[in-house]
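These protein sequence lines map, in sequence, to chains A and B.
Numbering-wise (our numbering), the first sequence opens with residue 29 and increments by one.
Numbering-wise (our numbering), the second sequence opens with residue 1015 and increments by one.
Take these hints with a grain of salt, some might be off.
No farther apart than 20 angstroms at their CA atoms in a straight line, the calculated lysine to any residue pairs in the SDA-like style are these [claimed, not checked]: (1) A:Lys-267 <-> B:Glu-1167; (2) A:Lys-331 <-> B:Ala-1166; (3) A:Lys-434 <-> B:Asn-1327; (4) A:Lys-502 <-> A:Thr-433.
To be clear about the criterion: a stretch of chain A counts as covered by chain B if any three or more of its residues have a C-beta under 8 angstroms from a C-beta of chain B, and this derived list gives those stretches [said to hold, decoys possible]: (5) 270 to 281; (6) 325 to 336.
Source of the hints: derived by calculation from the structure; they are not laboratory data.
Note that CB positions come from ideal geometry on N, CA and C, so glycine has one too.
Here are the chains, one letter per residue:
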Amino acid sequence: MTLGVIMLCHAALDRTAQLARHWAMHGCPVVIHVDARSPQAQFDSLRTALKDLPDIRFTRRLPCEWGTFEIVQATLEAASRMLAEFPQVDRVLLASGSCLPIKPVRALQAHLAAHPDTDFIESVTTADVGWTIGGLNEERFTLRFPFKWKSQRRLFDGYVRLQRFFRLRRRLPPGLVPHLGSQWWCLTRPTLQAILQHPDRARIDRYFKLVWIPDESYFQSLVRQVSNRIESRSLTLSKFDYQGRPYIFYDDHLHLLRQADAFIARKAWPQAQLLYDTFLTPDGDRAHAAAPSPGKINRLFAKAVERRVNGRPGLYMQSRFPIHARRGTQSAAPYGVFSGFGALVPEFKPWLSRALDARVHGHLFAFDRVQFADGETVFKGGLSDSPTLRDYNPRSFLTNLIWNTKGETQCFQFGPEDEQEIAPFIASDPNASIFVVSGAFAIPLWQSGRSAAEVRAEAARLQKVESDFIDLLKGPETKARTRIWSLTEFIENPAEPLEQLADLLNPRAAHRTGELPLLVDLHGFGSFLQDLRNQGMAPVLMGDFPSDADLALPSPPFARPRVVR
Amino acid sequence: MGLSTLLRLRTRRQYLLVRAYRRRRQLTPVADRTASLPAHPILLFSTVRNESVRLPYFLSYYRRLGIDHFLIVDNGSDDGTREYLARQPDVSVWTTAAGYKQSRFGMDWMTYLLGRYGHGRWCLTVDADEFFIYPFCETRPLRALTDWLDSAETPSFAAMMLDMYPKGAMHEQPFSEGQNPFEIAQYFDSGNYVISHNPLYRNLWIQGGPRARLFFTDRPRRAPAMNKTPLVKWHRSYAYVSSTHMLLPRRLNLVYDDQGGEKPSGVLLHAKFLDTFGAKAAEELARGEHYAESAEYRAYREAISRERDLWCNWSEKYVNWRQLEILGLMSKGNWA
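This is chain A alone, in the form it adopts within the complex (with noise of 0.2 angstroms):
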C-alpha cells in the first residue's frame, strides 16, 4: 500500500518544504500546489529545497481565495497528477502547508492497511451539520455565490439578500445529495478516479462553481455516489473557532497533541519549533501516549469558545463589559440585601451568619463610611471603605465586591437612611436577594430618644425613600428574589420570615428554627407612631401596628412560631 500526499499551501512555505520531506522519507510521493498569490522567490527557494526528491511534483498555481472554487480545482488537478504520475498510490491524502501529522507515519499506514477499500472523510447532510457558521448552511447549495466573501463583501451579502427576497433557487445536478464536512480527507485511489471521471463532471464543476466554499463540499457530496465504504470521519484533527477560523496549535500544546486520536493536526503555528521537531523525526514522535484521550484537547477549544461568546458571568473587565448583554447585567454570585432587620433584631447579623455561614457586612452604602464585615477598613480585592470611592461608580463597587469573594456568600444591609443609587441594579440582579421588613426604619428614630415633632421630617423623609425602593421591587424590571413584610406582619410571627431567609440563601443548611435571635423591645413604639401621625405624618409602611397596650412585651425568646394577640 503506497499514501500519496497532496499538499495545498500559500505561507510559510520553509515549513511546507520540511512537511514535504517528512512524507518523501516515509515513502509518500508529494504533489505539491502553491497558491498563485505567494511570492516567486519563496516558491522558487521551496523548489530548490526539494529538488534532490525524486517523488515530488508541483503543479499550475492557483490563485486560491477562501470560499472560492479555485482550492477545488488545485486538489483536482493535484489530485489527477498523482493518480497519472505514481500508479503505485492506492491511497491520497489531502493535507495542507500547516498540517503536522501528529503519528509516526507508519502508524498512519498502518491504519490504512488495516481499513483497505476505506474512505476516511467527513461527510454529513447539511441538515445534520451543526458547525457552519454565517448561517448559511443548505444555502449554499441553493444560492450563488459569484462573489468573494473575504474582499467583496457587500456584494456577496446584497446578492445573498437579493436572491432571499426573489426566492431564486438553484436546481441541483441529478443525483446530488449536499454534504458537508472537512476539507481533509483521504480518499482511495477507485474513489478519486472515479470522481476524476464522473460521467457528469463538466455540469457538476460548473454547479460547484458558484457554491459557497466548495472545498468543504465538492468531495463529501460526490464521494456518496461513488465510494463503497465512506468512514465519515477525518484524520486530520481541526478545530474551529466560533468565527470558522482554524485553532492554531503552539508548542504548550504538545503534550494535548500526543494524546489525540487523529494522525495530523491542523494547523500548526510555523514558529512552534518545539511541535516540528518533535513531529518530524525520521520515526514521527515515538514518545506519544499509548491512550489516546482526545476529549481533552475537545475540551480546551469547547471552553476557549465558550469563554469567547459567553465570558465569565458577573466579571466586568478591561475586555468584558456587557452594556448590550442579552441577558442582562448582573453580578457573579448569590447575595443577600436585608433591610429593616438589624433594628429589629439587635443581634441579626451574628445570627445570620451562622445560620447561612455567609459574610455578613453591616450598611455598604451607609453614606458615613462602607461597613464591611468586622469593620475591615479594606476588603477583599482592595476595596476601600471610602463612601466618595464606592458612590463614584457604584455598580463597580458591588459587582467587584461579589467577583471578588466567589465561592463565599455575601450578606449586606441596605435601608431608606442609605446611599439609594445602587437600588436599581439590584432590583434588576437575578442573584440577589432582597429582605424587606418595611417601616423598620422608624424604630432607631424612636430608640433616639428624640420627640416625634424632632424625628418628623427625617420620618418622612425615610419613608418616601422606602415606599420608592418598595415601588422599585415590585416594578417590571425587577429580576431579584424579593420578600417584603411589613413591621406589623414581621413581629406578629418572626420566626417565618427568618427561617424563609436561611432557606432561601442557603437551602441546604440542615439547622431548624433551634435558636432564632432576640427580637427589639418594642414597648413604648405604639405610642410613639401614634404621636408622629399627631404631628401631621402618615407612617404606613408598618402595617396596622398594635398600640401598646396590645403588645406582649418584652419579648420572650421565640423558640416556635407563634401568633401575638
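With chain A's structure known, arrange chain B on it following the hints.
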C-alpha cells in the same frame, strides 16, 4: 452619533497627526538603526528620561518576548541613558530637550515615530516602567500573539495597567540596576477597578488600584486611568489621543466585548512604586511636566510623607499570568 461627531473625531485625529508631524524637528537622531530592520518586525516605542537604572532589565525583558527593535526618544536625560541606549545593537535613539508637556507627554514624538516607522507593523508603545503580560507569555513569543491577531483581523490589543508595590515602605528594599523590579514590587490590588464607558471614543475608562485606594479617596474622578491599548498594528493615519489610553479612529478602542463575551487581553505590570519613586516624584513635581499640573505627584507627596506603605491585608502577591486571568484582570478570550 451623527455625522458631526464623526467629523469632529476626524478633525481631532488630523490635528494630532499634524501636531506630531510638526514636532518631528524636535527629535535629533542619536543612533538610527531602522535601516537594518528585519522583515515584519515587532517594534517597541518609548519615551524615557533618566532611566539608566531600569533600562537594562526593560530591554532584556522585551527582547525575551520577541521585540525586534526598540525606538526610543530620550527626553533630556543626564544620567547616561542616551549613551547606554546608543550602544545597544537593536535600539534606535532620538534625543530632544523640548518640553515633555508641550509634546502631549511625549505622545507627539511617539505618534510621529509610529507613523514613520510603524506603518503596517505591530507596535508596542510602553513606558520604561511598564511590563507587558499577555496570555501564554511564558510559552509563546509575542509573534504568536500578533500572528493570531492578524488571522483574526484584530488591529489592537488591550493591556490594563496594574500598579505593583512592595510590602513595607518603598525605600526599605533598594532597587539595583538590572534587577527584576517585581522581585521587590510583588503585590497588587486585585479587585477594586471601576469601569465606565466613554460613548464618544467608545473606550472603557478604568480607574482603581492602590493609587485610587490611598491617594484619591476624596476625589476619585481624578484618579489615574488604568486602561491602555499598547499593542497596535499601526497605520500612519492612527493617533493615540491621551497617552496610550485611547486611540483614533475609535474602532481601535473596541478591545472589549459588549455582549458578554471575553476578548483576549493582557496586563501592563507597572513598576512605579520602588525606592526610586520618592526621588522621581520630587523631580517630576519640580518640573511640573506631568499630567494635570502634576496633581498626581502632588497627591503622592502629601500622602507619601505620611504613608509610604501601599500594602494592605488583601494585597495579592503576583504569581503569573494565569493568576491574573483567574482573578479576571485579563483574559485568554478564544485564544487557546
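Evaluated hints:
| no. | hint | result |
| --- | --- | --- |
| 1 | A:Lys-267 <-> B:Glu-1167 | holds (19 angstroms) |
| 2 | A:Lys-331 <-> B:Ala-1166 | holds (18 angstroms) |
| 3 | A:Lys-434 <-> B:Asn-1327 | holds (18 angstroms) |
| 4 | A:Lys-502 <-> A:Thr-433 | violated (29 angstroms) |
| 5 | 270 to 281 | holds (count 8) |
| 6 | 325 to 336 | holds (count 7) |
Hint compliance for this structure: hint 4 alone is broken.
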